[in-house]
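**Q** What follows is each chain in one-letter form.
There are 2 protein chains.
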Amino acid sequence: MTYARLHESARKLGELNNALAMLMWDEAVMMPAGSGNGRGETLATLAGMAHDLSSDPSIEDWIDASLNESLDAWQRANVDQIRRAYIAAKAVPKDLVVAISKATSKTEQCWRTARAENDWRTIEPLLEEVVGLTIQRADALAQMSNVTPYDALLDEYEPGLKQSSIDPVFDDLASFLPAFVDDAIARSSEIAIPGPFPVAAQERLGRELMSAVGFDFERGRLDVSHHPFCGGIADDTRITTRYNEDDFLESMFAVLHETGHALYQQGLPDAWRGQPVGAAGGMALHESQSLLMEMQVCRGDDFLRFAAPIVSRALGGDSHGDLGADRLGADRLGAMARRVRRGFIRVDADEVTYPLHVILRYQLETALLSGDLQVGDIPTAWHDKMVDFLGLSTEGNFHDGCMQDVHWFAGLIGYFPTYTLGAVAAAQLFAAARAAIDGLGQRIGDGDFEPLVGWLRDNVHSEGRRFTTNELLERVTGRPLETKDFRAHLEARYLS
Amino acid sequence: MTYARLHESARKLGELNNALAMLMWDEAVMMPAGSGNGRGETLATLAGMAHDLSSDPSIEDWIDASLNESLDAWQRANVDQIRRAYIAAKAVPKDLVVAISKATSKTEQCWRTARAENDWRTIEPLLEEVVGLTIQRADALAQMSNVTPYDALLDEYEPGLKQSSIDPVFDDLASFLPAFVDDAIARSSEIAIPGPFPVAAQERLGRELMSAVGFDFERGRLDVSHHPFCGGIADDTRITTRYNEDDFLESMFAVLHETGHALYQQGLPDAWRGQPVGAAGGMALHESQSLLMEMQVCRGDDFLRFAAPIVSRALGGDSHGDLGADRLGADRLGAMARRVRRGFIRVDADEVTYPLHVILRYQLETALLSGDLQVGDIPTAWHDKMVDFLGLSTEGNFHDGCMQDVHWFAGLIGYFPTYTLGAVAAAQLFAAARAAIDGLGQRIGDGDFEPLVGWLRDNVHSEGRRFTTNELLERVTGRPLETKDFRAHLEARYLS
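Residue numbers (the working numbering), protein chains in the order written: chain Z, 1 to 496; chain C, 1 to 496.
If you are wondering where the hints come from, they were derived from the structure by calculation, not from laboratory data. Certain hints may be false.
What the hints assert, rightly or not - Straight-line alpha carbon distances no greater than 27 Å define the calculated DSSO-like cross-link-like pairs of lysine-lysine that follow: (1) Z:90 x Z:162; (2) C:162 x C:385; (3) Z:12 x C:12; (4) Z:12 x C:90.
With the hints as constraints, model all of the structure from the sequences given.
**A** This is the structure in structure tokens:
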């Protein structure tokens, strides 16, 4: 069977990608500072080998031949994914790949210091080069797959995603959120829980909550890195966090967020380990799993009722101020977990303001791609939209404005929308889970996460990459992605 | 230039090997228990790709062509090393490689439980299979390179090493050591330093001593694993240790031993990173660097004079018994560091008895290879030699006898001799360093390791794999490997 050849070549590629995933985790978590250049060489060489494997010309023949063979639905979906990767690898000329790799690496490094120094002038020409090369890449991909250049970039992060299906979602959010933010802030309470909270105690707390919701420490780890992330592979899932001794909730919710990603990864179908169809779905679906856990579940009252005694046991004991037993009670945790505030920084934003940060970036990057916006005009456009959406001026403040995120400087255009699509999908999936599971809120309050995680595993995790996010949502919730449940969630949580 | 093609293919192979080295470190130090099967798949796939790269038939043509080009001495030595790897990779048929990989993996796993249960009967047939396959491999390699089968195995661990050059060294050691052990034990004092010594304090002590002797933490780490080892790569060198709260010297000397390996690795020639000629020399030379540091330097009085105040600062403070200020003094540390005792276990042996453990294994494994010893007769042969060499019976005690080491069960035949050749080479190199560096003992006592480490870097580390160990010894000490300095070292340390 020709299909077996495809399967074997995908298996090799999968193991190479597994190695890359572990090495990238190591780079972020373990690697000493002076070993970066060598690691860069190793990663680039392995990535080159992976590119060679996925663009091997034999693959095209094998795909054609195997489609005449009798394949089951999983095998057929696997061939589709192999074809997708093959087309993407073949579409972009190798010298363009190299040029992008060099330009983004240089620009990303420059961005680190330039951002710190609020220096737009230095980074501007570098970003211009990166955007120019990214447009070339988008054009090459678009020609190959008969879509628009921006859709071609979207597809890399979220298979099958199109601007035409983002627009109605983002238009709706943009229409009600600015006024909604005013209302939510008016009801939000400005409180604090005085620390300090020792790192070791925060770490024990994080581990206990991870275990409670279902993280499998036999096949995963928790460590520390500069930014929290979920890395590694399905059977060796490694999440990270960082600790702030003045505010334990930062790390606690970061851990729970990454645990949502991790449960997805740990729940991928074993039988398809290393095959493209066995990988996680797109970034929006991945983010829906982290946000379902963090936003839908863990920042809600049911979860905090369960968590409060665990938090008290881990972090209480000594007395700070005169809050007494209520200091770490569920009410106080809930008020902290659901504060709404306008701010400049996307990664610090709450779930109410967050979509506005994303929509701003989406509007600018689509305009960059279509040529309606030039790189030199980004700071002004950013400022204008921040004033519109959140009433904040970023004039002259590049550090907290258009230079705050690494994405564009690293060549990642088309990535931002997936954050908010994930938030919307999370609400839709959680609404379906509530409908499917009797007394889900009560179960969560009792610390019984098996019904929810089992439902997610059956309906989402175990499907791997068989379906696009919209197909999956239709199967599981009966509808493609829409804002209804997200809006209802925000109203119930922040206005009632 | 055709040489450039060889260089590029070696570079790719080198990066693949770098990735493997980091993943193997991770497996031993970080990987969660349940991720072993997946990691095994990843490692096997990458090792297979490395094998394919090093046996690529084009290499043979490129080697022939490049030898007609004008190459410098390093390039020529690099071609020699590429040829060596190519021949070894080509000599062994792929189905034999796979059969050995499966047999050793199965046998090694079985060994873990069988050793714990002192169960020779279960492991015997598995070991028979491993030895049989190893003999086939040795025969294949031997035919290809016109040497004896055992020499072909030796060459894998120590390029160019031959039984004929081991015999005179081991014969000499075997002739004087048994009586020497009696004398040394008679002068050895049985003392102890009461603990406990907290792990965190031991770790700080280890790091301080590593830094003092020259370990570069900007390009390396210290962690914990089941057995201490030095892993990683030249520009990311990772050593490990384990901690015993009752005896800090175990970990302290393990750390210093691995630091010797690490200094070698960190001192390899940058310009030849990833190329075969830029790798470390054979295992005997590698072990000479760890034993030079541990045995020649750190268990000596000069070093302990320097280390004692550091040890006191790290581990003193509280009072145990009535030893007072002398509890962690240099004299006491020296007496502890130089105890000589007969024992069953090689890895616990002191430097006086250690060679006898190795010679025993050497005599048995050469007999296994030549057919003079059958696997079924190993336990009796082991017992007989232990009685001869150390006066200890291992009758019925497989756990502390012929099942104590994983090597043979993992298919590693030809490896053991390098431990003792390394000890002998360490003495010879250290004698040369003493002759070359004015007042070396005083410098070490003052904590000034730069003269010694600089000398090692110039004379050994920076040479990479350009020379065989014997060639290097002749260049640096004027003589090939011989026991004179080792014997003098033992006499000075244990009989005077």
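**Q** Each hint: holds or not?
**A** Status of the hints after comparison with the structure:
1. Only pairs whose Cα atoms come within 27 Å are accepted, and residue 90 of chain Z paired with residue 162 of chain Z is accepted, the gap being roughly 21 Å.
2. Distance restraint check for residue 162 of chain C and residue 385 of chain C: the Cα-Cα separation of roughly 23 Å lies within the 27 Å cut-off, and the hinted pair is therefore satisfied.
3. Pair hint residue 12 of chain Z plus residue 12 of chain C holds up; C-alpha atoms about 16 Å apart against a cutoff of 27 Å.
4. In summary, the hint linking residue 12 of chain Z to residue 90 of chain C is supported, as the alpha carbons are separated by about 22 Å, within the 27 Å threshold.
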